[in-house]
Amino acid sequence: MAITRIAPGVVKVERTPLSLSDRLYLPQVIKGMLITLRHLLKNLFNIKGLPIISYPEVKRVYSERFRGRHILTTREDGTTRCVACFMCSTACPAECITIEAGEDERTREKFPARYDIDLLRCIFCGYCVDACPEDAIYMTRDYEMAIDTRARAVVGLRDLVVPPNFPVGPMGWRPYYGEMKKQGWAGGTGLGQPIRTAPFEDDSKPNPDVYRGDQ
Amino acid sequence: MSTLTKFSAIPYTGPAPTNREPYVPANVAQTDARGEEIAAKISNNALQQERGQDMPSFSVDRNAIVDVLTSLRNSGFTIPLDLFGVDYPRRSGGRFDVVYQLYSPQANERVRLKVRVAEDESIPSSVGVFKGYDWYERETFDMFGVKFEGHPNLRRILCHEMFQGHALRKDYDPAQRWLLTEQGVAKLLPKIDPKFENVDTDFERVTLNLGPSHPATHGTLRIVVTLDGETIIGADTEIGYLHRCFEKMAETHTYQQVIPFTDRLNYCSAIINNVGYCMTIEKMLGIEAPARAQHIRLMLSEFMRISDHIICIGTNLVDMGALTNFWYLFQPREEILGLVESCCGARLLPTYTRVGGMAVDAPADFLANSQRLVNMLPKFIDDVEKLIMKNRIFLDRVIGVCPISQEDALSYGFTGPCLRATGVPYDVRKASPYLGYETYDWDVPIADGGDTYARFLVRLEEMRQSLRILQQAIDRGLPPGPVIVDNPYVALPPKERVYNEMESLIYHFKLIMHGIQPPVGEAYFQVEGGNGELGFYVVSDGTKNPYRVRVRPPCFPIFEAYPQMITGQTIPDAIAGLGSLNIIAGELDH
Numbered sequence: 001m002a003i004t005r006i007a008p009g010v011v012k013v014e015r016t017p018l019s020l021s022d023r024l025y026l027p028q029v030i031k032g033m034l035i036t037l038r039h040l041l042k043n044l045f046n047i048k049g050l051p052i053i054s055y056p057e058v059k060r061v062y063s064e065r066f067r068g069r070h071i072l073t074t075r076e077d078g079t080t081r082c083v084a085c086f087m088c089s090t091a092c093p094a095e096c097i098t099i100e101a102g103e104d105e106r107t108r109e110k111f112p113a114r115y116d117i118d119l120l121r122c123i124f125c126g127y128c129v130d131a132c133p134e135d136a137i138y139m140t141r142d143y144e145m146a147i148d149t150r151a152r153a154v155v156g157l158r159d160l161v162v163p164p165n166f167p168v169g170p171m172g173w174r175p176y177y178g179e180m181k182k183q184g185w186a187g188g189t190g191l192g193q194p195i196r197t198a199p200f201e202d203d204s205k206p207n208p209d210v211y212r213g214d215q
Numbered sequence: 001m002s003t004l005t006k007f008s009a010i011p012y013t014g015p016a017p018t019n020r021e022p023y024v025p026a027n028v029a030q031t032d033a034r035g036e037e038i039a040a041k042i043s044n045n046a047l048q049q050e051r052g053q054d055m056p057s058f059s060v061d062r063n064a065i066v067d068v069l070t071s072l073r074n075s076g077f078t079i080p081l082d083l084f085g086v087d088y089p090r091r092s093g094g095r096f097d098v099v100y101q102l103y104s105p106q107a108n109e110r111v112r113l114k115v116r117v118a119e120d121e122s123i124p125s126s127v128g129v130f131k132g133y134d135w136y137e138r139e140t141f142d143m144f145g146v147k148f149e150g151h152p153n154l155r156r157i158l159c160h161e162m163f164q165g166h167a168l169r170k171d172y173d174p175a176q177r178w179l180l181t182e183q184g185v186a187k188l189l190p191k192i193d194p195k196f197e198n199v200d201t202d203f204e205r206v207t208l209n210l211g212p213s214h215p216a217t218h219g220t221l222r223i224v225v226t227l228d229g230e231t232i233i234g235a236d237t238e239i240g241y242l243h244r245c246f247e248k249m250a251e252t253h254t255y256q257q258v259i260p261f262t263d264r265l266n267y268c269s270a271i272i273n274n275v276g277y278c279m280t281i282e283k284m285l286g287i288e289a290p291a292r293a294q295h296i297r298l299m300l301s302e303f304m305r306i307s308d309h310i311i312c313i314g315t316n317l318v319d320m321g322a323l324t325n326f327w328y329l330f331q332p333r334e335e336i337l338g339l340v341e342s343c344c345g346a347r348l349l350p351t352y353t354r355v356g357g358m359a360v361d362a363p364a365d366f367l368a369n370s371q372r373l374v375n376m377l378p379k380f381i382d383d384v385e386k387l388i389m390k391n392r393i394f395l396d397r398v399i400g401v402c403p404i405s406q407e408d409a410l411s412y413g414f415t416g417p418c419l420r421a422t423g424v425p426y427d428v429r430k431a432s433p434y435l436g437y438e439t440y441d442w443d444v445p446i447a448d449g450g451d452t453y454a455r456f457l458v459r460l461e462e463m464r465q466s467l468r469i470l471q472q473a474i475d476r477g478l479p480p481g482p483v484i485v486d487n488p489y490v491a492l493p494p495k496e497r498v499y500n501e502m503e504s505l506i507y508h509f510k511l512i513m514h515g516i517q518p519p520v521g522e523a524y525f526q527v528e529g530g531n532g533e534l535g536f537y538v539v540s541d542g543t544k545n546p547y548r549v550r551v552r553p554p555c556f557p558i559f560e561a562y563p564q565m566i567t568g569q570t571i572p573d574a575i576a577g578l579g580s581l582n583i584i585a586g587e588l589d590h
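The listed protein sequences derive, respectively, from chains V and P.
Under our numbering, the letters of the first sequence match residues 1 to 215, in that order.
Under our numbering, the letters of the second sequence match residues 1 to 590, in that order.
If you're looking for bench data, these hints aren't it; they were derived computationally from the structure.
Misleading hints may appear alongside valid ones.
[Unchecked claim] Not the full set, but computed from the structure, chain P residues with beta-carbon under 10 angstroms of chain V:
1) 251
2) 253
3) 335
4) 521
[Unchecked claim] Derived, one-sided and incomplete: chain V residues facing chain P with beta-carbon distance under 7 angstroms:
5) 66
6) 86
7) 89
8) 104
9) 156
10) 158
11) 163
12) 164
Backbone N, C-alpha and C define an ideal beta-carbon position, used for all residues, glycine too.
If we strip away everything but chain P, and leave its shape as in the complex, we get (with noise of 0.2 angstroms):
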């Protein structure tokens, strides 16, 4: 403090934001030549290579998206992860970017293709080449009016029926309300699986309507089914309960001030969404988090993950009758978001992370405080293994119950526990490695069947692989060094220097009043959220707002499986298999 003076310069010498030149990703020349080869491979006239981008980047003409998908998909890009829209209303040659992303676990890459289309054009459905892109679609015609020919159900999704306009169009104004009424809605009426159809048994088919009240889809899920005796014959599910327009909302704010909504995407492991969106944003600004701070995300990351999958384990097994493992469960829960608000002063929504950093430094009993949590929770996770995983009410409830086939969960996209417990060991932490997860010995937990017994024993690992992580880093104690990088243009001043000189405090108002400012460019970034891969897609124009912000979220291609999953079952054997897919509603609705 003392070897302040008053007039002192900043010590920052680094470049000032270069925020009108557009974003250079790193190793830009390799992802090019990747995605030479990959455009050799696909031979269609209709791809053309976009280059400067952050993954093989590719520019499709509308017609001809099936047929790309399609080679895609057979050379090995099986995981359709996202597809959404991107407005430019002043632009000629097509207003919209549809955008589509594929993974490839084989060869670990990813792909983007755009398709630009303009308001009265229409883009031919992919529903038969990935099953997931149903919803996708769907949703991209609820956000922007994006018409896709020959899907099946091309309703809105998200948005109420009766709602006027495309939302996440760039000339709809955020301010609009609307009144939305039951009148003129058309009722949800299931359609019946051909399987069940010529059928003859002795019952009256009845269609019922399992939530948005019902206890097992805790208000914010709705699904309606048909059954004929115990046997659900066909089912459909309404979602957008809990939507809270987080991708306008985004727009209209500042970089910094997106931080605390992306806590409300998946509320049981916030901490990894606000590391997720911040890393997004530091791969713009071509920034790195300090170690301190890489270190202490790390730790919280893999706490919440646990948290996470209690939160799963311990309603999934309230949902089936078994109240004791909940409130044992919840516990070490408890203890987990003790330790995040010692660090950050909020248990659930903690908004810890900045744009370069943490907020704050730990506090100094953090080791010790998480040492204490690592000793206390394997007893835990041991005593819920021995009260369920010999018990056969447990297991005649799991086994065999809601299973979904590794085809179908890849061609639906699924990604996280779900997935690996169809036996596809996919998980971000290995296969792109963030935060120096690559550092850690711990393994990937796979299961075979996809059923809901697989998903409890994927989940039981992981917390265990995640205490492996925790001990280990725990064993390396915390990097000494600053929580957030030393830029004034990304990180606010310390506060001492902002009280106390006058280019802090200039820098401390510019960065408050006109906000982070990332070059111009798109970037995605994922990471692993404790349902499966969460990414975000943030496209820059050079201003404090983000122009768009898309996360990816985990559940909604989960959810989307649903339907199918359920289908020859009972309604019993339905809410097991909910409550172990872990539908989040704030992340599946964004």
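Only chain V is shown next, with the shape it has when bound in the complex (with noise of 0.2 angstroms):
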């Protein structure tokens, strides 16, 4: 490859003729095998060197922004952040959220009562996390998502809700990185705010709706 400059920013690729050694073919070819060899035997005796990743058995280690499995997260009471605000699914290029409100009874708080992603339409572009004012969905690093059924693909509340010391390692895309910030309770646009310890007087009673995770 001779390169000669023919214009101002332009450059022309000329096709070199080819030498004697060229056209006996075999010299080249013999060159060629060579730098074959030559990596052959590099690898041979640097295995570890490789760049291969041996899956399942050893597994890639993604940015935290990575874009895999949402979770919706809770406040220290166990109760999703989520408000059924409906933003996530307008936001959602794929429309793959379903989202419907509850009204819990003491707080008069909206909270989803249902909430479901289907996985099979989703796109993983991480618009519903942008779109949340809530906090409360995320995306972690979580790619495998092999599953035997259609069905199986729509995630609800069940599979998508962490606990609320869920910790920040296996988290990926989010609206920002280090330790959660957001606390406070419902509707609180609290960053900062005090946390309160009991977050009802009657605790005791708590609305049979909201999902408070697998206790």
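Assembling the complex is the task here: the two chains are given apart, and the hints tell you how they should meet.
Shown next, in the form of structure tokens:
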């Protein structure tokens, strides 16, 4: 590949005529095989340095921005942070989120009575995370979502909601990085507000409709 | 964080969007003056200038379109960039606008022609002027039902032949489903090239299907060839296997929601598509992404271009039996995709840009990782060059195989490496620089011959030129500042503000629910994709959904020329040529 400049900003890649050894075919083929042999020997004595991941024994580590399966975060009392505002389902280009809103009879708070994500429709663009005003939906680094029936691809609250002490480690795409910052209670726009220890005066009779994780 | 009070007003003091006002492009007076000059040169009564557009624009009477196109071609507008329809069902005096866009490589300017046509009227076909308009006219017929008189083969191209109605018409329900079967579909039989028609050989003529399940066609292209012995004497192609109605889907989604769909056009270089689409909307809104965002866009675009060429060269060599290069080159590709993943969380379909900037800032080790990649890549390119460029087996299979002349390439509307391999130094990054490409020191590589070998040479050199750009970009470093514009009508406010302030929360809700609303008008913007000029033409009616999004896929005219390129060649040559064209079906079938 000889390169000549023919105009400012334009170079021409010339076709180099073949030399005698090139036309003889064998010398160049042997040269090419030597390159292959060099790599073979190099790799043979450096098996650990091979650019190979032996999945599933070894799993690839993705960055903390990875857009994998979703989770719904919870407040300290175990209720979902989601207030069923439908922002994520509006922002979703694939229309894969179905929400039905319920109302907590004591606090008059909206909460999701049903929250389904069809993972077969989902295109993992992260728009739901960007759209959430309540810090409620995150994505994890979990990319192993193989299923055997279509019905199982629809995940609901039972699969999505994680406990309040869910570690930051496996989390992927989220509005900010580091420890979870959003605290406070339902409806509160209270970044940095003091955390209440008891959510309601009467906590003995929790609303049966509010999903509180598998307790 | 501590400086925020709970009810502080957001500091945005710029204008609110004036989405009901018409769109006014930049330096419109200059464009209009240039339009007058072109109109005077053409001097056709059927030509009427349209002012206030982003390029010299004319409306043409439908009966005069062939004359106008001929005289434009003779005055230098030799590349037919695009032909498509726009539907205005409630407009009187012709429902459809058929838009022609041409480019002049000598004068480096574009021109747009619009023909109004009613539902029962037809337009004279311009296939005789530009060969490339054959498929574009078929597509317009398929999508809008506009008839082109004198077209040699006016049938559907992207939709199935049994499809009912015309999908991009505004009164076509996007939820309409059809059960499509093979019953009643005419068999595809290639027309035999006149050169071979009366040649008497001892062989029986055989018609053969190459694809869609042939390994070299990747399940998405169908080529029917008629063979005389080993020589292909006639070929025809069928596309549309990956048609996903990108343009119709864009009409039913908001401007932001289209960004993930653009990933799926050329999925080998998805960030370039993101950049092209977002810059089109930014052009309509009259905003510019911050310098830091532009720098990240440029660097990732160049990495994506390298990755695109790696796939093209790698898979092409696999099709020819050289498996080593494919595995070997996929290591740098993995590293490039890893870099993209560290920026935006996905490898293949990044959705990294937003209108007005980027979704998030690049990670802290972005420049260090880029430098590592830039240091590592030349060795791979050199090794692959050493492996193949002196290998007689390879050379015998590529030199003079599937050639296309410069004249034909222009007439078909080639852009990108395939056009540069015929000796035309047209590159959007040089011709109409964006993202600051004009400030970098790099060259456009060209080659002679237009054959598979020339395309190899151009792609290899282009990867090295991209590395040159990248090294300069790394040396300059990322400019400080935000990565997205501070305009709550375009970009979502920062999350801390949304959690804390009423104002920002309202802006956040408004932007998700009501979307970005660009001013009424139309704009075209082009970037250099992996395969050539990738253009987006967007019509806005002031609402949150685009009225029309047209993508100009660079593969489309390139694959259109393929039957002509393989006629007279043998089947193995056709496979070698197909790989070197880098046909990406996601883009070809939009």
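Quick rundown of the hints versus the structure:
For residue 251(P), the interface hint is violated, since its Cβ never comes within 10 angstroms of a Cβ in chain V; the closest pair sits about 13 angstroms apart. Of the supplied interface hints, the one on residue 253(P) holds, with its beta-carbon coming within about 6 angstroms of a beta-carbon of chain V, less than 10 angstroms. The interface hint given for residue 335(P) is met, as the beta carbon of that residue sits about 8 angstroms from the closest beta carbon of chain V, less than 10 angstroms. Taking 10 angstroms as the C-beta contact cut-off toward chain V, the hint placing residue 521(P) at the interface is violated, the least distance being around 24 angstroms.
Against a cut-off of 7 angstroms between C-beta atoms, the interface hint on residue 66(V) holds, since the closest Cβ of chain P lies about 5 angstroms away. Using the Cβ-Cβ criterion of 7 angstroms, the hint placing residue 86(V) at the interface with chain P is not satisfied: the shortest such distance is roughly 9 angstroms. Annotation: residue 89(V) was flagged as interfacial toward chain P, and the flag is violated, the nearest CB pair being 10 angstroms apart, outside 7 angstroms. A cut of 7 angstroms between beta carbons decides the hint on residue 104(V): the least distance to chain P is about 21 angstroms, and the hint is violated.
Taking 7 angstroms as the C-beta cut-off, the interface hint given for residue 156(V) is violated, the closest approach to chain P being about 23 angstroms. At a threshold of 7 angstroms, the smallest CB-CB gap from residue 158(V) to chain P is about 25 angstroms, leaving the interface hint violated. Annotation: residue 163(V) was flagged as interfacial toward chain P, and the flag is violated, the nearest CB pair being 22 angstroms apart, outside 7 angstroms. Hint status for residue 164(V) relative to chain P: violated, with the closest Cβ pair at about 18 angstroms, above 7 angstroms.
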